[in-house]
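Each chain, letter by letter, is given below.
Protein chains: 2
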Amino acid sequence: MRIAVLGGDGFVGWPTTLHLSNQGHEVHIIDNLSRRWIDTELGVQSLTPMDSIQERCRIWTQLTGEHIQFHLLDLAREYERLKQWLTEYRPDAIIHFAEQRAAPYSMKTDRHKVYTVDNNVGATHNLLAAMVDSGCDAHLVHLGTMGVYGYSSVGAAIPEGYLDVEITNLEGEKKGLEILYPTKPGSVYHMTKSLDQILFQFYAQNDGLRITDLHQGIVWGTHTDQTRRHEQLINRFDYDGDYGTVLNRFLIQAAIDYPLTVHGTGGQTRAFIHIQDSVRCIELALGDAPQSGDRVRIFNQMTETHRVRDLAELVAGLTGAEVKYLPNPRKEAAENDLIVKNDQFLALGLNPTTLAEGLLEEVVDVARKYAHRIDRSRVAAVSAWTRDIAQRVEHDPEGTRLKSVS
Amino acid sequence: MRIAVLGGDGFVGWPTTLHLSNQGHEVHIIDNLSRRWIDTELGVQSLTPMDSIQERCRIWTQLTGEHIQFHLLDLAREYERLKQWLTEYRPDAIIHFAEQRAAPYSMKTDRHKVYTVDNNVGATHNLLAAMVDSGCDAHLVHLGTMGVYGYSSVGAAIPEGYLDVEITNLEGEKKGLEILYPTKPGSVYHMTKSLDQILFQFYAQNDGLRITDLHQGIVWGTHTDQTRRHEQLINRFDYDGDYGTVLNRFLIQAAIDYPLTVHGTGGQTRAFIHIQDSVRCIELALGDAPQSGDRVRIFNQMTETHRVRDLAELVAGLTGAEVKYLPNPRKEAAENDLIVKNDQFLALGLNPTTLAEGLLEEVVDVARKYAHRIDRSRVAAVSAWTRDIAQRVEHDPEGTRLKSVS
Numbered sequence: 083m084r085i086a087v088l089g090g091d092g093f094v095g096w097p098t099t100l101h102l103s104n105q106g107h108e109v110h111i112i113d114n115l116s117r118r119w120i121d122t123e124l125g126v127q128s129l130t131p132m133d134s135i136q137e138r139c140r141i142w143t144q145l146t147g148e149h150i151q152f153h154l155l156d157l158a159r160e161y162e163r164l165k166q167w168l169t170e171y172r173p174d175a176i177i178h179f180a181e182q183r184a185a186p187y188s189m190k191t192d193r194h195k196v197y198t199v200d201n202n203v204g205a206t207h208n209l210l211a212a213m214v215d216s217g218c219d220a221h222l223v224h225l226g227t228m229g230v231y232g233y234s235s236v237g238a239a240i241p242e243g244y245l246d247v248e249i250t251n252l253e254g255e256k257k258g259l260e261i262l263y264p265t266k267p268g269s270v271y272h273m274t275k276s277l278d279q280i281l282f283q284f285y286a287q288n289d290g291l292r293i294t295d296l297h298q299g300i301v302w303g304t305h306t307d308q309t310r311r312h313e314q315l316i317n318r319f320d321y322d323g324d325y326g327t328v329l330n331r332f333l334i335q336a337a338i339d340y341p342l343t344v345h346g347t348g349g350q351t352r353a354f355i356h357i358q359d360s361v362r363c364i365e366l367a368l369g370d371a372p373q374s375g376d377r378v379r380i381f382n383q384m385t386e387t388h389r390v391r392d393l394a395e396l397v398a399g400l401t402g403a404e405v406k407y408l409p410n411p412r413k414e415a416a417e418n419d420l421i422v423k424n425d426q427f428l429a430l431g432l433n434p435t436t437l438a439e440g441l442l443e444e445v446v447d448v449a450r451k452y453a454h455r456i457d458r459s460r461v462a463a464v465s466a467w468t469r470d471i472a473q474r475v476e477h478d479p480e481g482t483r484l485k486s487v488s
Numbered sequence: 083m084r085i086a087v088l089g090g091d092g093f094v095g096w097p098t099t100l101h102l103s104n105q106g107h108e109v110h111i112i113d114n115l116s117r118r119w120i121d122t123e124l125g126v127q128s129l130t131p132m133d134s135i136q137e138r139c140r141i142w143t144q145l146t147g148e149h150i151q152f153h154l155l156d157l158a159r160e161y162e163r164l165k166q167w168l169t170e171y172r173p174d175a176i177i178h179f180a181e182q183r184a185a186p187y188s189m190k191t192d193r194h195k196v197y198t199v200d201n202n203v204g205a206t207h208n209l210l211a212a213m214v215d216s217g218c219d220a221h222l223v224h225l226g227t228m229g230v231y232g233y234s235s236v237g238a239a240i241p242e243g244y245l246d247v248e249i250t251n252l253e254g255e256k257k258g259l260e261i262l263y264p265t266k267p268g269s270v271y272h273m274t275k276s277l278d279q280i281l282f283q284f285y286a287q288n289d290g291l292r293i294t295d296l297h298q299g300i301v302w303g304t305h306t307d308q309t310r311r312h313e314q315l316i317n318r319f320d321y322d323g324d325y326g327t328v329l330n331r332f333l334i335q336a337a338i339d340y341p342l343t344v345h346g347t348g349g350q351t352r353a354f355i356h357i358q359d360s361v362r363c364i365e366l367a368l369g370d371a372p373q374s375g376d377r378v379r380i381f382n383q384m385t386e387t388h389r390v391r392d393l394a395e396l397v398a399g400l401t402g403a404e405v406k407y408l409p410n411p412r413k414e415a416a417e418n419d420l421i422v423k424n425d426q427f428l429a430l431g432l433n434p435t436t437l438a439e440g441l442l443e444e445v446v447d448v449a450r451k452y453a454h455r456i457d458r459s460r461v462a463a464v465s466a467w468t469r470d471i472a473q474r475v476e477h478d479p480e481g482t483r484l485k486s487v488s
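Residue numbers (this note's numbering), protein chains in the order written: chain A, 83 to 488; chain B, 83 to 488.
Chain A extracted, bound-state conformation (with noise of 0.2 Å):
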């Protein structure tokens, strides 16, 4: 197949383009670099000393003999380019990974805000529009989030993108219906993927686009089997307080003797996924495409779920690090259950990487190895959800009065 990777230089999607050349697919990195952006904005890097897109490439060819295209294009602001680019290539599957993906990031400042949703709504809605108007009959992969679901609150699954529910009609009979599962985002960042699904369920609707959207969870390790093979083919790895991810932080904290970050009672529970895992999804995702004409397929891209807590402990247990619980600067419930449903990719054949595999002494591992290229001072999460909580945690940086911070 001949696949275009949309944000193939990024933490998902640079291992996710190896793995499909890997497998002997044409691929082709569209991106913006914006990523490459905003770590000079924010004056922060990649925990692994990162190349430049066009270096990778050239090392993977070298190493491999198949070809990886690089093409600089802003989904967002060049709509004209894009649309010529499919009718050009016409790409039998597309990945959609094009979007600013930091919930802190996009919470930052209310030009972050804007940035964020301009950024990503921008970018689905262009790649759709270009879609129908180049007649590009692509299969279309997205990634979305855990995150649009929010938690659920009677006690019920969350099911894979589509709910069942009874609704009384005129009669006063009970009809079932299924509807999409209504969004509860918790960040501008989660939103923009809210926006998206409503975006794909009218061009699937009314265009027949063939559409997968993959609700990931947070995305922890940092090899794949490609990314392995060279030195100069690492993935990047983020450790500041803005793109760095839970458990990953944790990890990090700990090789460089920093205290693990809870943020207000750590009873958060959140869905992960190995990034192997990630990869193997995709790759999945694109051998099981709709139909034009079939509703939006949605899988849930996560394999186990955890505490934020017990994910503190685990970590202080196999590292010996303390646990520092601190005020949150997220507006979000101080404790929630979350019952997800993953049956879509077990039954083709996903075999999860969890936890318990030992791999968290590999990513420790990788950070001691590049522990001096860290600024402990970016290691704090400071990116407040309101005005409100960033008093509050400006005041009390410490969680001395946590108690009382809900």
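There may be inaccurate statements among the hints.
No copy labels: a pair is met if it fits in one copy or bridges any two.
DSS-like mimics (lysine-lysine), calculated; alpha carbons at most 25 Å apart, straight line [to be verified]:
| hint | residue 1 | residue 2 |
| --- | --- | --- |
| 1 | Lys190 | Lys406 |
| 2 | Lys165 | Lys190 |
| 3 | Lys413 | Lys165 |
| 4 | Lys257 | Lys423 |
Think of the hints as simulated: they come from the structure by calculation, not from any bench.
Since the model is a prediction, treat every value here as computed from it, not as a measurement.
Chain B: place on chain A using the hints.
Using the frame of chain A, we list chain B on its own:
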């Protein structure tokens, strides 16, 4: 109150501005005048001769002594100026009409789809982000559309925004849940109002913004008590295939001896409201503001429903016009039921102006008076929802093969 009317130069925005100024409020219009530019783009004009917004405001002051301030500002493209404006003027209420509002225009070409999404989502999200950042605690009243609902499929009435459902939890117990009505927009335009709903839900929940969303039916009529007061205060009146709305179009077609154009079987049921009731509803919504922390308040702003073919027959009976059935350029069900609740506005004191009450004649009078300004070639609705539909319509403009068109 100091009230900002965003899009106050438009079809409902202008009479709303006058209505609120007439009640003694300090009214500011914020508008980028894009609707006038679109007239220029399409080469059509309002049936009624419309003065510049500055001239309209001058006449109003001359007539009443009340001042309406006009601010030329593009919400989607001038974020910083918008924030400055909110900081400087600190309005008590904001009425948000500033979105591209024609479904056929939004489906015209890919460029029109992209414009509609960029403009509408950009305007709404910029407004929300700017309100939060400037600490503006105005009551935001937004004009949504009945089109976010789609049509009820199991014989249930469409509630006002929120639907009571039952779901089965992991213990097998049925639990009640109130959810935002599952959206099924029928065009890119309607889709943007579905996206707005998610934006409002998030900002009400995260930032405590006070928001009312009015899901309006198709507005008919042209005059209100204030626009009648001077020839130069006359409201705009669209008759073209993109911006003209169904009942007003029938009345104009009748006035110029053009057959009444019913698309498809005319079995589509739509919700309607007279423009005088529309401005009254906005007044009522303003007087019933939610508190910070409340969920978004949603009203259905409509007073009656009719099948399109019944309306055509009604106008034909009134005027002697001929009814013509043409292929439908929209992708929609040929026939649908639409039972809608509007209890909240009735409880607040709305006294509906219905079609039976003679105002139909008034619209025919307006149409006859300005019939010399009509370009008959622009009356047909030509924007097709998909390429396939465009081809069917092109090959069978007279609808002779209508029976085979679903």
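Do the hints match the structure? See the list:
For a Cα distance limit of 25 Å, the shortest separation of lysine 190 from lysine 406 inside one copy, 23 Å, qualifies, whereas the shortest one across copies, 57 Å, does not. Taking the shortest alpha-carbon separations for lysine 165 and lysine 190, only the inter-copy value of 17 Å comes in at or below 25 Å, while the best intra-copy value is 32 Å. When the C-alpha separation of lysine 413 and lysine 165 is checked against a cutoff of 25 Å, the pair qualifies only between copies, where the shortest distance is 24 Å, while the shortest distance within a copy is 39 Å. When the C-alpha separation of lysine 257 and lysine 423 is checked against a cutoff of 25 Å, the pair qualifies both within a copy, at 24 Å, and between copies, at 19 Å.
Figure legend: structure checked against the earlier numbered hints; every hint is met.
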